[in-house]
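On the provided structure of chain A, position chain B as indicated by the hints.
Protein chains: 2
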Amino acid sequence: MESIIAPESNLLEETLEKWLLELKFKNLLNAAPVESVPVGDSMGRITARPAVALLSSPHFYSASVDGIAISSSRTFGINHQTPLRAKLGKEAFYVDTGTPIPDGCDAVVPIELVDPISIEEVEISQFCPPWDNVRPPGEEVSATEVILPAFHRIRAMDIGALFQGGLSKVEVFKKPRVGILPLGSGLIPPGVAMQQGKMIETTSHILSSMIKQWQGEPVLLNIIPESLEDLIKSAEKNISSLDLLLIISGPSQGTRLPAYFLKLKGDLITYGVQVKPGMSTCLGLLQGTPVIGLPNYAMSALLMTEIFALPVIYKKIGMGEPRRKSVSAYFSQPLRSPEGVDEFIRVAVGNVGKIPVATPLSRGADVLMSLVRADGILRIAPSRKLIKTGDVVEVYLLRPHGDLNKKLFLSGSHDIVFDILRSYLQLEYPDVSFFSSNIGSVRGVMSLQAGYSHISQIRIFDDESGEYNIPFIKKFLYDTPLILVNLFHRSLGFLVQPGNPKNIKSFSDLTRHDVKMVNRIRGSGTRMLLDYHLKQKGIEPGKLRGYENETHNHLNLASAVASHNADVGLGILPSAKALKLDFIPMLEERMDLVIPKKFINIYPVTSFLSLLKSAKFKEEVEALGGYSTRDTGKILFEI
Amino acid sequence: MESIIAPESNLLEETLEKWLLELKFKNLLNAAPVESVPVGDSMGRITARPAVALLSSPHFYSASVDGIAISSSRTFGINHQTPLRAKLGKEAFYVDTGTPIPDGCDAVVPIELVDPISIEEVEISQFCPPWDNVRPPGEEVSATEVILPAFHRIRAMDIGALFQGGLSKVEVFKKPRVGILPLGSGLIPPGVAMQQGKMIETTSHILSSMIKQWQGEPVLLNIIPESLEDLIKSAEKNISSLDLLLIISGPSQGTRLPAYFLKLKGDLITYGVQVKPGMSTCLGLLQGTPVIGLPNYAMSALLMTEIFALPVIYKKIGMGEPRRKSVSAYFSQPLRSPEGVDEFIRVAVGNVGKIPVATPLSRGADVLMSLVRADGILRIAPSRKLIKTGDVVEVYLLRPHGDLNKKLFLSGSHDIVFDILRSYLQLEYPDVSFFSSNIGSVRGVMSLQAGYSHISQIRIFDDESGEYNIPFIKKFLYDTPLILVNLFHRSLGFLVQPGNPKNIKSFSDLTRHDVKMVNRIRGSGTRMLLDYHLKQKGIEPGKLRGYENETHNHLNLASAVASHNADVGLGILPSAKALKLDFIPMLEERMDLVIPKKFINIYPVTSFLSLLKSAKFKEEVEALGGYSTRDTGKILFEI
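For the protein sequence lines, the chains are A and B, in the order given.
If you're matching positions, the first sequence starts at 335 in my numbering and goes up one per residue.
If you're matching positions, the second sequence starts at 335 in my numbering and goes up one per residue.
One chain only, chain A, in its complex shape (with noise of 0.2 Å):
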């Protein structure tokens, strides 16, 4: 397919404009069809003509109070002196509020100021001017009144008016039905058992529940393979009934395939679009209906449905395209960018202290994880190459914006316990979330000497001293106002495989020719103290195997071992329990959070620290293994 058919450059703002364009000529975007649903079953749907009220609401002249119905002109010049006497059943009528005025009556005396006599007649003794306490027929809703216009998102109160106005059914735009096909031979839909060296496909189901949200009809295709035979037979299958096509690429060849097949079968309007992720982009058209051939990766995918389907969607029930919530922000580090392409960066947003901060997560698209844990999503613009540290960033939100001042940012060193402290977290202060930026402890001070974090995490063995982390403080941080609280002391160790096969026992067992090990990555505490006992004990990194292979967390390195790809990593016990790795205990170390004192005070940050005085909290720790809280929520050292 390569020599046939070859990605463009279009820029993204002209590539929607031109599918806009092509579609509204075409006469896509018209309104979608109107159905008739059921009052008690519209919500959220979009009007398609006015509601309007078939009965007056309320039907009839009715006391706005509870009361007696007289005839007004009864009243003129009553008082205390001369009050009116009104026989009751006959000149004057008891009446609750909302009842029908009685014929021959045009006003209504509130209870209070009526003296029952006998039970057969009352006292009167104030004018009561015509029309006093009674709402007039239709005062709530007329017949003929437009009750909702046209182009309505229904709410809740619309329900209980349109009931009112005597609907029982609403004219709604049809749902537009969105078709996603996901094309992969290595892929097997959730619920079925996992075979070897298939993936979930996961990424129609995102798309299926957006397409819900934003008021269409999904439906979920089986997925084929990447063959262009299947991809016809599917397409062509399903097309009539679709008002739009979603095709989500292959993983490698799979990715020209929605463009080719456009080409071949359809009309293929534009193939490549400088955007990243989703670069591989394609839109078009089968059979009069809009194809839009989406990219593999989930957030590719995700941002391209947005961009190029959303509207199309929209237009079709008349809805304004909805507008993200923005917000600016500090951006925490420097990033670069390509020229000439538009660049969508996952980030983690919130205020520390005062100051709206950016931290980019993970980028590349392929990682779903970090757009779950995203905040937000930053928009880099063609002509903008650099991003500096400090920059003032737009990001749209992911969350609401109130979610701001709830969050948290760690920096620093990576462990298992921050995994249990969010869920203690949540279930003590359900609003606060953290994102920990896992950059190892001293790039984790940095960041919060900077003012890009609340707190940061650290686990820095002096080698002078034999101390943890206060000979650092004291080195690097003597002029911040800070405390330094314990998190915990936990042990670390080898994890090998099952019943340690290689009888790995010491660091000296780490130089042997049939041992091949994993590493964490530089600057991480347990890299530290990993390089100060191999160099106490006299021993060249260098001739380690695997000691150039690192990982970025301890699961990533528990994960090496147990699919044998090492043979033995130093980490703690919990990945290897969860992995069902052997442990052997080789060392202690110290993990303390650094916290300057002007944060201490403020809510997310006081949420946290008193989390860490939990029992339960404590107690979950220790049923880890190999974990120690005696010294936690301590305060071992300050400034």
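Some hints could be false.
Which copy is meant is left open, so a pair is good if it fits within one copy or across any two.
DMTMM-like mimics (lysine to aspartate or glutamate), calculated; alpha carbons at most 20 Å apart, straight line [claimed, not checked]:
hint, residue 1, residue 2
1, Lys659, Asp737
2, Lys911, Glu956
3, Lys532, Asp430
4, Lys503, Glu369
5, Lys546, Asp375
6, Lys421, Glu457
7, Lys567, Asp601
8, Lys360, Glu762
9, Lys358, Glu762
10, Lys532, Asp437
11, Lys571, Glu551
Rather than coming from a laboratory, the hints here were simulated on the basis of the structure.
Note that the structure is predicted; figures quoted are calculated from it, not measured.
Relative to the frame of chain A, chain B by itself:
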């Protein structure tokens, strides 16, 4: 009941605090039970426990590019002079993005760096470091990793991530079951044929839709009469299956029934809150289940449900309370509020030029339509007695914030044509909405002058020149750059019973003793014209029966005739047709629009003006009967 129970005067904030403390103390705010739901159906639900990955994804080392998998050690030291030749299927293996790396390989050379020599051999001439272009297992998500924390509202991408972690179900909080029990003898459910003197019960349906949005499960109970026996029967029958019961009071005696019932059969915590609307709210417990007695009117019931029920529901599903978006705006007219009471006022909100403006809508708790049309709700603190024109107020939005720039404020004379304009506006500019203050021509122009509206619709007859609008503008708006644009001419005439049984044909017929008229409000153009013609003919208004009976719009005027409360009113043909009345043409009048020049080029105004030129709009106006669009859209005068 009166002597047995009377409402207290509790402040809103204190009552809320007492209520939540009481429930907390009785363990009634504890988390709801947990249920397991299919991931695909979990959108919007709240996780009850952390969702932990069962599988690593990918669960193998995989290629991150298309290319050739090899052992990296084979590439040490190679270059273009001394390339590596590798045997396919033995030393080198074609791999696609995402597919597993064969045993013995630890790197992938991208396809564009591979020189295919034959079908058996490839040549590589660049060093490829270990793990280059290889994704480790668990890069997407590692087994045991927390995918979603507890207390997280599930979004589209979360569904993808859960599937990717191998989960097919997710543990969420059960939706709290909220019973809704409407009281009222004169109420019938929607969809039942209307009976004389009955009202459609709609409040329970509004509450039901709100509770669904809040992730609760509404349980609509049958409407019961306002009787203690019926209330006991229904409440006691249902209470055990509910987490919360809302009782909607009846309109009159029913107001005190829920409080009386709770005092008698349950625990009454409080009755009577200083909040308007909503004073008669009561709070209590029945058999250990929280019960809220709501006021009768929809607006009050809705507000009190949001204030007292929402926190209960949200605590049970572990959510922080949602905060409504708010906006600061200038208040467009003076408003008094009772001291010592929290008052909630419905408002229209939008930007007039660059000035955010809020205008109060109808204040009665009973008018549902004004809630439907409201853009926001203003809360007036107990200590505040008066809001002055121009005061800055904080308004809670009922619509998206972006809609502020799409709101058009009109003020002046009412006409049914504005309903047509509204529909066409939303057809052509679905994002624009307008609010028309129907305050009559003169007050409309005053509001425009003060900067609280974009456009003023006027219909002011000058009895010296016999001309419409221009004399008034010359006299009062001579220093304001503006344009006067014609909207329409229309016939005014007498609305009478079908067949004109009283043979009303001239203004002098209004003086007859057997003729009772209904009037429009003082300051309205119709009223001015009527007064002019009465004066011309020497008729004394005081002599006309019903002259003092004023209605706020044409439909209400027609309604009064149709319901036989008047024999005649001066009005317009469409209202006559709508309510099947006869129409006797008498006069022609002219409605124009006054638009300050500073607004004529800003967006919502331009959309409105362009609409006046639409042939379809004109056709529909003419089709109303009695209207002429011969000058519609024409500029008649400018300053």
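Quick rundown of the hints versus the structure:
1. Taking identical chains as interchangeable, the C-alpha atoms of Lys659 and Asp737 lie at most 20 Å apart whether they share a chain (12 Å) or sit on different chains (13 Å).
2. With identical chains, the CA atoms of Lys911 and Glu956 are at most 20 Å apart within one copy only, with a shortest distance of 14 Å there and 80 Å across copies.
3. In the homo-oligomer, the alpha carbons of Lys532 and Asp430 lie at most 20 Å apart only across protomers (13 Å), although the nearest pairing inside one protomer, at 71 Å, exceeds that limit.
4. Only within a single protomer do Lys503 and Glu369 lie at most 20 Å apart by alpha-carbon distance; the minimum there is 10 Å, versus 34 Å between protomers.
5. In this homomeric assembly, Lys546 and Asp375 come within 20 Å of each other (Cα to Cα) both inside a single copy, at 15 Å, and across copies, at 11 Å.
6. Proximity of Lys421 and Glu457 under a CA criterion of 20 Å is satisfied intra-copy only: 9 Å inside one chain copy versus 113 Å between copies.
7. Taking the shortest Cα distances, Lys567 and Asp601 sit within 20 Å of each other inside one copy (17 Å), while across copies they are farther apart (67 Å).
8. In the homo-oligomer, the alpha carbons of Lys360 and Glu762 lie at most 20 Å apart only across protomers (18 Å), although the nearest pairing inside one protomer, at 55 Å, exceeds that limit.
9. Taking the closest pair of Cα atoms, Lys358 and Glu762 come within 20 Å of each other only across two copies (14 Å); inside a single copy the shortest separation is 52 Å, beyond that limit.
10. Proximity of Lys532 to Asp437 under the C-alpha cut-off of 20 Å is restricted to the inter-copy arrangement: shortest distance 16 Å between copies versus 80 Å within a copy.
11. For the homomeric pair Lys571 and Glu551, the shortest alpha-carbon distance inside one copy (18 Å) is at most 20 Å, but the shortest distance between copies (39 Å) is not.
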